[in-house]
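Position one of the sequence shown corresponds to residue 100 (the working numbering), numbered consecutively onward.
Hints were generated in silico from the structure; no laboratory data involved. Any given hint might turn out to be false.
[To be verified] Derived lysine to aspartate or glutamate pairs resembling DMTMM-like cross-links, with alpha carbons at most 25 Å apart:
no. : residue 1 : residue 2
1   : Lys-213   : Asp-162
2   : Lys-142   : Asp-171
3   : Lys-142   : Glu-193
4   : Lys-142   : Asp-162
5   : Lys-142   : Glu-226
6   : Lys-213   : Glu-193
7   : Lys-142   : Glu-130
8   : Lys-213   : Glu-226
9   : Lys-142   : Asp-209
[What the hints assert, rightly or not] Computed Cβ-Cβ distance ranges for the label pairs, DEER-style:
no. : residue 1 : residue 2 : range
10  : Gln-251   : His-183   : 18 to 28 Å
11  : Ser-128   : Glu-226   : 36 to 46 Å
12  : Ala-202   : His-175   : 22 to 32 Å
13  : Gly-157   : Gly-196   : 29 to 39 Å
14  : Asp-208   : Ala-237   : 26 to 36 Å
15  : Gly-188   : Met-211   : 11 to 21 Å
16  : Asp-162   : Glu-193   : 35 to 45 Å
17  : Ala-125   : Asp-208   : 31 to 41 Å
18  : Gln-126   : Pro-201   : 22 to 32 Å
Source: prediction; values computed, not measured. Virtual Cβ for every residue (Gly too), placed ideally from N, Cα, C.
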Amino acid sequence: MPVRTALTRYALACLAGAIVATSAGAQPSPEQTALAIRQGHMKNYAAMLGVLGPMAQGAREYDAAAAQVAADNIYHLSMIDQTHYWPPGTAQGEIEGSAALPAIWENMDDFMAKQEALADVASQLREAAGTDLASLQAAVGALGQACGACHQPYRAQN
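Assemble the whole structure, with the sequences as input and the hints as a guide.
Given below as structure tokens:
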């Protein structure tokens, strides 16, 4: 199976799993649904970084095709409007399983600006990923910084 097909199917399976998980049993609240969807979205990012990270670190051989598919998926994920992922009542301590800090809702404009910055970096990653290892490494480093710029102030540490 081509790499693009396998990774795309994995990403879709993760999102489908989040939807199914919220529809099983009792009807979930809107807050539970939003939490499940945003966690599914983040798991998709993590799955794609699981392809790119080892390549960038030299733990896996650079594969331009696989890198490009993962970068394309990250880019497309970053383009999804996430405003509905963050309704009030979904911060840590307000709903089970949330690592979102209340600072998100106190600084929503900054939080969304960081999402836009991630989308810009994801676009650069998409351009660089299939080029060569050095370009991939630089782009993955920039992506890590963009992720950290949001996770550090807005996500509780595990």
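Hints, verified against the model:
no.	hint	in the structure
1	Lys-213 - Asp-162	29 Å, violated
2	Lys-142 - Asp-171	16 Å, holds
3	Lys-142 - Glu-193	21 Å, holds
4	Lys-142 - Asp-162	22 Å, holds
5	Lys-142 - Glu-226	23 Å, holds
6	Lys-213 - Glu-193	23 Å, holds
7	Lys-142 - Glu-130	18 Å, holds
8	Lys-213 - Glu-226	20 Å, holds
9	Lys-142 - Asp-209	23 Å, holds
10	Gln-251 - His-183: 18 to 28 Å	24 Å, holds
11	Ser-128 - Glu-226: 36 to 46 Å	40 Å, holds
12	Ala-202 - His-175: 22 to 32 Å	28 Å, holds
13	Gly-157 - Gly-196: 29 to 39 Å	35 Å, holds
14	Asp-208 - Ala-237: 26 to 36 Å	29 Å, holds
15	Gly-188 - Met-211: 11 to 21 Å	18 Å, holds
16	Asp-162 - Glu-193: 35 to 45 Å	42 Å, holds
17	Ala-125 - Asp-208: 31 to 41 Å	35 Å, holds
18	Gln-126 - Pro-201: 22 to 32 Å	26 Å, holds
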